[in-house]
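Turn these sequences into a full structure, and let the hints guide you.
Each chain, written out:
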Amino acid sequence: DQQVKQNSPSLSVQEGRISILNCDYTNSMFDYFLWYKKYPAEGPTFLISISSIKDKNEDGRFTVFLNKSAKHLSLHIVPSQPGDSAVYFCAASGGGSRLTFGEGTQLTVNP
Amino acid sequence: GAVVSQHPSWVICKSGTSVKIECRSLDFQATTMFWYRQFPKQSLMLMATSNEGSKATYEQGVEKDKFLINHASLTLSTLTVTSAHPEDSSFYICSASGGGIGELFFGEGSRLTVL
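So the protein lines, in turn, are chains E and G.
All residue numbers for the first sequence refer to this note's numbering, where the first residue is 1272 and numbers rise by one.
All residue numbers for the second sequence refer to this note's numbering, where the first residue is 2 and numbers rise by one.
Just so you know, not all the hints are guaranteed correct.
Each computed SDA-like pair below joins lysine to any residue, with the alpha-carbon atoms no more than 20 Å apart [what the hints assert, rightly or not]: (1) Lys15(G) x His86(G); (2) Lys1308(E) x Leu47(G); (3) Lys42(G) x Ile1324(E).
To give an idea of the chain E side of the interface with chain G (calculated C-beta under 7 Å), a few residues [as the list claims (entries may be wrong)]: (4) Glu1313; (5) Pro1315; (6) Phe1333; (7) Gly1365; (8) Ser1368; (9) Glu1374.
It should be emphasised that the hints constitute simulated quantities derived from the structure, not laboratory data.
All C-beta atoms in this analysis are idealised placements derived from N, C-alpha and C, irrespective of residue type, glycine included.
Listed below in structure tokens is the structure:
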């Protein structure tokens, strides 16, 4: 039972344009959501998070939107840069530090 | 920021041998550590949660006798893959928590190849 799903395994965008990565979840007990960035053969690094009491959180070029009624969140990167090319994981928590991860989306930003 | 270090980053072993992977929190005390496994192009799957000084809690389907987890101190947790088989080949990642979810940090990962 995949409680967190990232339906797009890959996404390709041009440098300078917006990247939108999507994530859906099924467990209504999740109340905290995170995005991680991962390069090959490295551990994930934290990017941005959002609590269920908010619907938007912004940090520089990265913005996460949460739609609780749709159980959907998205990560917007604008403007996209070639260095943003990586696998992006969506993760959710229902309390504590135990995370459930999505399958990841490979983002490629073309120069 | 806080650093979590894993060692070794790469390991190749023969089938039937045991391999130990270490996860250290370098500048904070980790009350809880998590071990994940990732197959190529798949999600990070939580294997077990370990709390310092107590037995690890394993996720359903994870063999606790095969994947031995020890969290003997607040800065070190180890994962031992016993009697490794080729199907155990994977990328293993640990994360350490110093408290709340905002203090969760990941190690660099360890790639295990069993021949």
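Taking the numbered hints from earlier one at a time, note which ones the structure violates and give those numbers from smallest to largest.
3, 6, 7
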